[in-house]
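Asker: Protein chains in written order, with numbering that gives the first Met the number 0: chain A, 0 to 100; chain B, 0 to 148.
Simulated from the structure, these hints should not be mistaken for lab results.
Careful: at least some of the hints might be erroneous.
What follows is a set of in silico ranges between Cβ atoms, one per label pair, in the way DEER data are often shown [what the hints assert, rightly or not]:
#, chain 1, residue 1, chain 2, residue 2, range
1, B, Ala79, A, Ser77, 43 to 49 Å
2, B, Ala138, A, Pro89, 54 to 60 Å
3, A, Leu91, B, Arg17, 39 to 45 Å
4, A, Phe96, B, Val42, 31 to 37 Å
5, B, His139, A, Pro61, 42 to 48 Å
6, B, Ala138, A, Thr62, 50 to 56 Å
7, B, Ala79, A, Glu12, 17 to 23 Å
Listed below are the simulated DMTMM-like cross-link pairs for lysine to aspartate or glutamate, each with C-alpha atoms no more than 20 Å apart in a straight line [stated by the list, open to error]:
#, chain 1, residue 1, chain 2, residue 2
8, A, Lys14, A, Glu75
9, B, Lys97, B, Asp60
10, A, Lys45, B, Glu20
11, B, Lys102, B, Glu20
12, A, Lys14, B, Asp77
13, B, Lys102, B, Asp60
14, B, Lys97, B, Asp77
15, A, Lys25, A, Glu90
16, B, Lys102, B, Glu85
17, A, Lys14, B, Asp41
18, A, Lys45, A, Glu15
19, A, Lys14, A, Glu26
20, A, Lys25, A, Glu40
21, A, Lys14, B, Asp60
22, A, Lys25, A, Glu75
23, B, Lys102, B, Glu46
24, A, Lys14, A, Glu66
25, B, Lys97, B, Glu46
26, A, Lys14, B, Glu61
27, A, Lys25, B, Glu61
28, A, Lys45, B, Glu46
29, B, Lys97, B, Glu20
30, A, Lys45, B, Asp77
31, A, Lys25, A, Glu15
32, B, Lys102, B, Asp77
33, B, Lys97, B, Glu85
34, A, Lys25, B, Glu46
Just so it is clear, CB atoms sit at the ideal spot from N, CA and C, and this is done for glycine as well.
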Amino acid sequence: MARQIQFAKKAPEAKELRRRAGAWLKELRACAGLSQIQLAERLGLKYYTFISQVENGFGRVPTESMEAWARALAIEPSAFARRLLSFYDPELHRLLFEVKE
Amino acid sequence: MNVIAFQPRMLQLDGPWRTGELNAMVETLMPEATRPGGLGWDVGLTEIGDPQFYLLGPPQDECLLCISRIGRRYVLEDGAGHVLFEHYRLSLLVERAKAALQKRKAQIVARAALVWCALRETVEERLDALVLEGEELLAHCVPQLAALA
Chain A
0 MARQIQFAKK
10 APEAKELRRR
20 AGAWLKELRA
30 CAGLSQIQLA
40 ERLGLKYYTF
50 ISQVENGFGR
60 VPTESMEAWA
70 RALAIEPSAF
80 ARRLLSFYDP
90 ELHRLLFEVK
100 E
Chain B
0 MNVIAFQPRM
10 LQLDGPWRTG
20 ELNAMVETLM
30 PEATRPGGLG
40 WDVGLTEIGD
50 PQFYLLGPPQ
60 DECLLCISRI
70 GRRYVLEDGA
80 GHVLFEHYRL
90 SLLVERAKAA
100 LQKRKAQIVA
110 RAALVWCALR
120 ETVEERLDAL
130 VLEGEELLAH
140 CVPQLAALA
């Protein structure tokens, strides 16, 4: 039987990856010595609830604010974005950074 | 007789969601959940224990809307962290959340219609070209075939 090409990540897999991304972000925040409220302040957010949404694995860091998150968490922005891509879009991450000629 | 004046008690709202709050959110926002590929929901807490209600949607069960309670205030955010509405009355906030969902649904329908039109246009263009090519070929071959006959 022909194997079907999987175009999208299955929901449980994506959910688990987002949860792992959230745990990693929480760890980075703890290393930077920031509370969720302090991080939200650094990102210019009115409420800190979005930080919790992302750390709990239900949301993602938007691409347009990845640099701000990276700087607030004292991590190099391209390394930060690359690591997040490995959680949010592992196939694209594999093609960009893992597949050799 | 002494009358003791009690301070009016402020409604204590902290800790996880209360049943009434959860019912209000689920009953208003969940009719969609019964459809295949519909919405789901989950709850969580912030670092300092403020409760959050996540409305999850396809394709990857991602947060579409998030309702949080901070002190006595409820905050409605979208999945990108934009504050859509805030109020101390949950019923008002839930209505706003429902409206935001309907708007989102309308946007999806409009986008699907646009994709369908573009696809149809492309297919028609290609078909037209093929038909035209066939006609030209026929016009070219028929006299030759007639001469042979």
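Asker: Hint by hint, note whether the structure agrees.
Answerer: Status of each hint after checking the structure:
1. B:Ala79 <-> A:Ser77: 43 to 49 Å: This hint is violated: roughly 22 Å between Cβ atoms.
2. B:Ala138 <-> A:Pro89: 54 to 60 Å: With a Cβ separation near 55 Å, Ala138 (chain B) and Pro89 (chain A) satisfy 54 to 60 Å, so the hint holds.
3. A:Leu91 <-> B:Arg17: 39 to 45 Å: holds, 42 Å
4. A:Phe96 <-> B:Val42: 31 to 37 Å: Because 36 Å falls inside the window, the suggested range holds.
5. B:His139 <-> A:Pro61: 42 to 48 Å: violated, 58 Å
6. B:Ala138 <-> A:Thr62: 50 to 56 Å: Holds, at about 55 Å.
7. B:Ala79 <-> A:Glu12: 17 to 23 Å: holds, 22 Å
8. A:Lys14 <-> A:Glu75: violated, 26 Å
9. B:Lys97 <-> B:Asp60: Holds, at about 18 Å.
10. A:Lys45 <-> B:Glu20: Judged against 20 Å, a Cα distance of about 23 Å means the pair is violated.
11. B:Lys102 <-> B:Glu20: Judged against 20 Å, a Cα distance of about 24 Å means the pair is violated.
12. A:Lys14 <-> B:Asp77: Given pair Lys14 (chain A), Asp77 (chain B) holds - Cα atoms ~18 Å apart, limit 20 Å.
13. B:Lys102 <-> B:Asp60: Holds - the C-alpha atoms of Asp60 (chain B) and Lys102 (chain B) are around 19 Å apart, at most 20 Å.
14. B:Lys97 <-> B:Asp77: Roughly 12 Å separates the two Cα atoms, so the pair holds.
15. A:Lys25 <-> A:Glu90: Given that 20 Å is the threshold and the Cα spacing comes to 24 Å, the pair is violated.
16. B:Lys102 <-> B:Glu85: Judged against 20 Å, a Cα distance of about 18 Å means the pair holds.
17. A:Lys14 <-> B:Asp41: holds, 12 Å
18. A:Lys45 <-> A:Glu15: Roughly 28 Å separates the two Cα atoms, so the pair is violated.
19. A:Lys14 <-> A:Glu26: holds, 18 Å
20. A:Lys25 <-> A:Glu40: holds, 16 Å
21. A:Lys14 <-> B:Asp60: At roughly 7 Å apart (the allowed maximum being 20 Å), Asp60 (chain B) and Lys14 (chain A) satisfy the hint.
22. A:Lys25 <-> A:Glu75: holds, 16 Å
23. B:Lys102 <-> B:Glu46: Roughly 31 Å between the alpha carbons, so the hint for Lys102 (chain B) and Glu46 (chain B) is violated.
24. A:Lys14 <-> A:Glu66: violated, 23 Å
25. B:Lys97 <-> B:Glu46: Not satisfied, since the Cα-Cα distance of roughly 27 Å exceeds 20 Å.
26. A:Lys14 <-> B:Glu61: Cα-Cα ~8 Å, so holds.
27. A:Lys25 <-> B:Glu61: The given pair, whose Cα atoms are some 19 Å apart, holds under the 20 Å limit.
28. A:Lys45 <-> B:Glu46: holds, 16 Å
29. B:Lys97 <-> B:Glu20: holds, 15 Å
30. A:Lys45 <-> B:Asp77: holds, 13 Å
31. A:Lys25 <-> A:Glu15: Satisfied, since the Cα-Cα distance of roughly 15 Å is no more than 20 Å.
32. B:Lys102 <-> B:Asp77: holds, 12 Å
33. B:Lys97 <-> B:Glu85: holds, 14 Å
34. A:Lys25 <-> B:Glu46: holds, 10 Å
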